[in-house]
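Just so you know, the sequences run in chain order A and B.
Letter by letter, the first sequence follows residues 6 to 256 in the numbering used here.
Letter by letter, the second sequence follows residues 319 to 733 in the numbering used here.
Keep in mind the hints are simulated off the structure, nothing from the lab.
Don't be surprised by glycine CBs; every beta carbon is placed ideally from N, CA and C.
Watch out, some of these pointers could steer you wrong.
[Unchecked claim] Here are some chain B residues the structure puts well away from chain A; computed CB gaps all over 12 angstroms:
1. Asn380
2. Pro383
3. Leu436
4. Leu551
5. Val604
6. Pro626
7. Gly628
8. Ala632
9. Ala635
10. Val636
11. Gly637
12. Leu638
13. Tyr640
14. Phe646
15. Pro650
16. Leu728
[Said to hold, decoys possible] Calculated cross-link-like contacts (lysine-lysine; reagent style DSS-like; alpha-carbon spacing at most 25 angstroms):
17. B/Lys329 x A/Lys146
18. A/Lys110 x B/Lys732
19. A/Lys126 x A/Lys170
20. A/Lys40 x A/Lys170
21. B/Lys687 x B/Lys669
22. B/Lys669 x B/Lys732
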Amino acid sequence: MNENTTNDPIIICEDVHKWFDDFHVLKGITTTFKKGERAVICGPSGSGKSTFIRTINRLEEHQRGTIIVDGIELSNDLRNINLIRQEVGMVFQQFNLFPHLSNLKNITLGPMKVRKLSKRKAEEEALALLERMGIADQAYKYPSEVSGGQQQRVAIARALAMEPKIMLFDEPTSALDPEMISEVLDVMRELAHSGMTMLVVTHEMGFAREVADRVMFFDEGVVVEEAAPADFFDNPQHDRTKLFISQTLQH
Amino acid sequence: MEEQVDIQQIKPPTYAKGPVGWLRENLFSPWYNAILTCVALLFLYFVFKGLLTWAFTEAEWNVIPANLQLFAIGPYPRDQVYRIWICLYILSVLLGLSAGVWRGIVQRWTIVVGSILLVFLVIPFEIVQREDSHLVSIEFRFNLIWLIFESRRWLLGDVALLIGAFFLGQRITRLRPWILGGWVLSFPIIMFVLHGFGENAVQTSMWGGLLLTLILAVFGIVVSFPLGVFLALCRQSKLPAIKWVSTFYIETVRGVPLITILFMGSVLIPIFIPYFTIDQVLRMMVAITLFSAAYMAENVRGGLQAIPRGQHEAAQAVGLNYVQSMMFIVLPQALRSVIPAIVGQFIALFKDTSLVYIIGLIDLFGVAKSIITNPVWLGRHVEVYIFIALIYFSFCYAMSKASQEIEADLGVGKH
Ligand SMILES: Nc1ncnc2c1ncn2[C@@H]1O[C@H](COP(=O)(O)OP(=O)(O)OP(=O)(O)O)[C@@H](O)[C@H]1O
Ligand SMILES: [Mg+2]
Numbered sequence: 006m007n008e009n010t011t012n013d014p015i016i017i018c019e020d021v022h023k024w025f026d027d028f029h030v031l032k033g034i035t036t037t038f039k040k041g042e043r044a045v046i047c048g049p050s051g052s053g054k055s056t057f058i059r060t061i062n063r064l065e066e067h068q069r070g071t072i073i074v075d076g077i078e079l080s081n082d083l084r085n086i087n088l089i090r091q092e093v094g095m096v097f098q099q100f101n102l103f104p105h106l107s108n109l110k111n112i113t114l115g116p117m118k119v120r121k122l123s124k125r126k127a128e129e130e131a132l133a134l135l136e137r138m139g140i141a142d143q144a145y146k147y148p149s150e151v152s153g154g155q156q157q158r159v160a161i162a163r164a165l166a167m168e169p170k171i172m173l174f175d176e177p178t179s180a181l182d183p184e185m186i187s188e189v190l191d192v193m194r195e196l197a198h199s200g201m202t203m204l205v206v207t208h209e210m211g212f213a214r215e216v217a218d219r220v221m222f223f224d225e226g227v228v229v230e231e232a233a234p235a236d237f238f239d240n241p242q243h244d245r246t247k248l249f250i251s252q253t254l255q256h
Numbered sequence: 319m320e321e322q323v324d325i326q327q328i329k330p331p332t333y334a335k336g337p338v339g340w341l342r343e344n345l346f347s348p349w350y351n352a353i354l355t356c357v358a359l360l361f362l363y364f365v366f367k368g369l370l371t372w373a374f375t376e377a378e379w380n381v382i383p384a385n386l387q388l389f390a391i392g393p394y395p396r397d398q399v400y401r402i403w404i405c406l407y408i409l410s411v412l413l414g415l416s417a418g419v420w421r422g423i424v425q426r427w428t429i430v431v432g433s434i435l436l437v438f439l440v441i442p443f444e445i446v447q448r449e450d451s452h453l454v455s456i457e458f459r460f461n462l463i464w465l466i467f468e469s470r471r472w473l474l475g476d477v478a479l480l481i482g483a484f485f486l487g488q489r490i491t492r493l494r495p496w497i498l499g500g501w502v503l504s505f506p507i508i509m510f511v512l513h514g515f516g517e518n519a520v521q522t523s524m525w526g527g528l529l530l531t532l533i534l535a536v537f538g539i540v541v542s543f544p545l546g547v548f549l550a551l552c553r554q555s556k557l558p559a560i561k562w563v564s565t566f567y568i569e570t571v572r573g574v575p576l577i578t579i580l581f582m583g584s585v586l587i588p589i590f591i592p593y594f595t596i597d598q599v600l601r602m603m604v605a606i607t608l609f610s611a612a613y614m615a616e617n618v619r620g621g622l623q624a625i626p627r628g629q630h631e632a633a634q635a636v637g638l639n640y641v642q643s644m645m646f647i648v649l650p651q652a653l654r655s656v657i658p659a660i661v662g663q664f665i666a667l668f669k670d671t672s673l674v675y676i677i678g679l680i681d682l683f684g685v686a687k688s689i690i691t692n693p694v695w696l697g698r699h700v701e702v703y704i705f706i707a708l709i710y711f712s713f714c715y716a717m718s719k720a721s722q723e724i725e726a727d728l729g730v731g732k733h
């Protein structure tokens, strides 16, 4: 438990199932995330990690079970979905910045159109966020004109600009060159210490050990093992977990 | 080691310099290139020799200035021409204001339009026109000057309004929403002014020439574009009913020649709906628009498909709803990547308006046909066709040029 973690649950998943056609990707995930908690999700490729965190802001629809985010149940009700998307920020592996907009406009678009901020207020906030990400000087460039690490930090700023209560990260450093990984991990570390609730899919085990409150290990659509990082890495219970840890630590 | 060349001393490789060098390099080497160049030059020589000799000796160009008004407005009543000028005034004011407010591309093109108007202001068509008449008395010359001024009053006013509006727009930039509103309203207002009402109403059957061509083309372009975008979005819809209707529409229209659709609009609609006559020109406007929209939809769909799924997801993740994510994220990227195809469709539409001649409207092409069949201008068909070809070309080339500038402005291919 970190100093920010509370006992209030903010995400409650009950027996969540998901199929792609006939292919059973999530096979009954039941778990609760508390306000301020930082969870790292790891597991082999194709185990359903991305699918799971994408169900939380309903980029994917789950077909059985319930997901409750900040008191709102995810259903087909469009109003609920839009409310939840404002509370949940997401950072993608491929950044997914809007290439036709400057970095600054990438960040201000959501606040202006969804939170209905004035242009001036939105730009003020965006510049402050870029400052916090350490890239204030890149505000007026286009995404294609900055490095991958900088793009990912713009993407983090874009998500934070909606003032979310929860941040989802789907392998935020996997598309980056080694020397850029640390600059992204640095801002994520800073974010964690500010008390944000974070769900991070990553293979950065150093980051998990240092920042996470809990590590969840996914395999074939189920949570095989979950534990605090010290227990998880030093004393794994399942063979599948042991194998995975030994394989990842080899690189 | 001593044999090694000092790297500091290496010069860039030299190429043949100057125009002679360029010619030798590009046109005359190797030997087969020289032969091709000579053949091409001979060919060009014969073609242009014939054309230029004809243009400056045999051709009788006075058919053009003598019929200038006919080319411009067709059979529109001459005593009602002031209405056309009113419409041009409305457009000039809007154009001038837009140029002042938006600068950039709009300003550059307004300067082009203004320059063309200025050229018209100083070319003395009347003199050419009367060359072969025998009245060269002093009196006539005086009259001629008066006539030249008289026939240019309106044009003079138009240029003045354009320039005035430009400077006004430069000063008052908060006019933007009003100007946009003005453009939207200008079309119905212009249609109304041209038609008028009561005794002096000018039926659309009297509309013609370049005026009619432009009305058909502008309406077609301005309406088929959003309609095409809408159809493309419908075809991508998750709701099967919407998707099927839109697909059915697009495939049906694309499977039928435009000329068939124009005939259906002209002949079949009055048979099926006999109690209720819709104006002929209006029917053609609608037919051309509906035809073009189907092609536009497919062009736009091509752009939509090129947008990666991550863009939709990122838009959703920041909380944009469907309309917002289309308007601010997907369409701007999709449309700018298919600008060449869209403008190609605009150009095709512009030229296709000439088909309305077949169902009896007298557009620019119709006017050309009617002049040729007039015994007074017997044998002048080549001059007339070359002239209207140049007009069609100028408009199409302008569209093509403008689209290139817009692409450069939007940074297509850069970010
Ligand atoms: N849209 C889709 N349609 C069909 N199958 C899909 C789709 N998205 C994912 N899958 C399948 O679902 C399974 C889980 O995918 P998911 O992306 O959640 O895996 P992951 O754990 O994130 O893997 P990775 O580490 O490679 O990102 C995979 O087998 C994948 O092929
Ligand atoms: Mg994944």
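Results for each hint:
no. : hint                : in the structure
1   : Asn380              : holds (53 angstroms)
2   : Pro383              : holds (48 angstroms)
3   : Leu436              : holds (38 angstroms)
4   : Leu551              : holds (18 angstroms)
5   : Val604              : holds (34 angstroms)
6   : Pro626              : violated (8 angstroms)
7   : Gly628              : violated (4 angstroms)
8   : Ala632              : violated (4 angstroms)
9   : Ala635              : violated (4 angstroms)
10  : Val636              : violated (4 angstroms)
11  : Gly637              : violated (4 angstroms)
12  : Leu638              : violated (6 angstroms)
13  : Tyr640              : violated (9 angstroms)
14  : Phe646              : violated (6 angstroms)
15  : Pro650              : violated (5 angstroms)
16  : Leu728              : violated (8 angstroms)
17  : B/Lys329 x A/Lys146 : violated (38 angstroms)
18  : A/Lys110 x B/Lys732 : holds (17 angstroms)
19  : A/Lys126 x A/Lys170 : holds (20 angstroms)
20  : A/Lys40 x A/Lys170  : holds (8 angstroms)
21  : B/Lys687 x B/Lys669 : holds (16 angstroms)
22  : B/Lys669 x B/Lys732 : violated (32 angstroms)
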